[in-house]
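Those letters in the sequence shown? Residues 1170 to 1547, per my numbering, in order.
Keep in mind the hints are simulated off the structure, nothing from the lab.
These numbers come from a predicted model, not from an experiment.
Incorrect hints may appear among the rest.
Below, simulated EDC-like cross-link-like pairs (lysine to aspartate or glutamate); rule was C-alpha separation at most 16 Å, straight line [said to hold, decoys possible]:
no. : residue 1 : residue 2
1   : K1214     : D1273
2   : K1235     : D1433
3   : K1239     : D1479
4   : K1543     : D1233
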Amino acid sequence: MFKFSEYRVRYLNFRLMLYVWALTAIGIIFIRSATMVSGGSAMEKQIFGAAVGTFLMLFLMLVDYKFVLKLWPLVFLFSIGLLLIVRSPLGFGGDTTGAQRWVDLPGIGAIQPSEFCKILMILTWAAYFSVFSKQINNVFVLIGGAALLGGNAVLILLQPDLSTTIVFCVIFVIMLYVAGISYKWIGGVVAALIPVGIFGLYYIQQPGMDEHYQVRRILSWLYPDRYSVDVTAQQRHSIMAIGSGQLYGKGLFNNSVYSMKNADYLMEEDTDFIFSVIGEETGFVGCTAVILLLFLIVVECIYTGIRARDLAGRLICIGMAALVSFQAFTNICVNTGLFPNTGLPLPFVSAGLSSLISLYLGMGFVLNVSIQRKRSSS
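Please take these sequences and the hints and turn them into a complete structure.
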């Protein structure tokens, strides 16, 4: 489990740790600002999550990732078990859509198992693709990898949670590409997806389809004039808040009556739409700083992956880079109106114990890969 002889502390990616802590601290500050009007204990929970996450990250930094990957069938079954718990009487919903995505733990509160399953599946695919790396283009190997995806995807879709399902699919595709999938497979899949996407867009526009809230979100984004102001208010107010911040913003913790946040126009301002608070209070400069830190975290994950000693370590790092980059890009696009509302949190910034702690768990494995990297030629 612990092979200290293979560890090199001088290879530890301290930059990645500093970027993660810096972004988490920024998130805590803006969560406090976002909840000044509504009150609540979101900031305290985020601090607790950061403390627990840091401890787990430092612990996993010392746990040999190769030992964990040998247990990948159990890791996969554990992810399935977590999602099945959500479907049990222990699971509950928390929004007007009737979604059942959370489990209430005594003394901790609500957790979202699908967030932890993202990390578990990155480990599972890293092990699976490395075991079958020489047969990666074999149709049965690909079906097996897709079956691992399907086991989680179906259970998450039943919650329902389309956005998280898409995250799983994106991570799977990127890790499969890094594992060495042939361009013939890539070209074939892309060619098949184009007509499927066109048909899907046509299908959701048929009468009665907008009764489903996920379809309504897409259609209200495509055709805002066809829907009431209330349906599109969330994103419109977010865009207005970010735009009103201009270059330097209205000031952190400001009490301006012209603030969208202070006027309670922003919804989910400490979670999915915290980027709009950042834009309003610190302007373009603050938004750029957050984006830069997210970019640096992704770069460090890729940097660590390139120097990993084996394919499995490389896949872990690339999987985490894919998770952070895709969720960050999607969240910011939603806040600025470039994408329809998806409900994905901003990594390390949005309030949420499950999201924060799971990301720290993933970074712990990336750090473990870094201290076992290939020795330099010098």
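Now the hints, each set against the structure:
1. K1214 to D1273: Holds, because 15 Å separates the two Cα atoms, which is no more than 16 Å.
2. K1235 to D1433: Status violated; Cα separation ~49 Å.
3. K1239 to D1479: Within the cut-off at roughly 14 Å; holds.
4. K1543 to D1233: Between K1543 and D1233 the Cα gap is close to 15 Å, so the pair holds against 16 Å.
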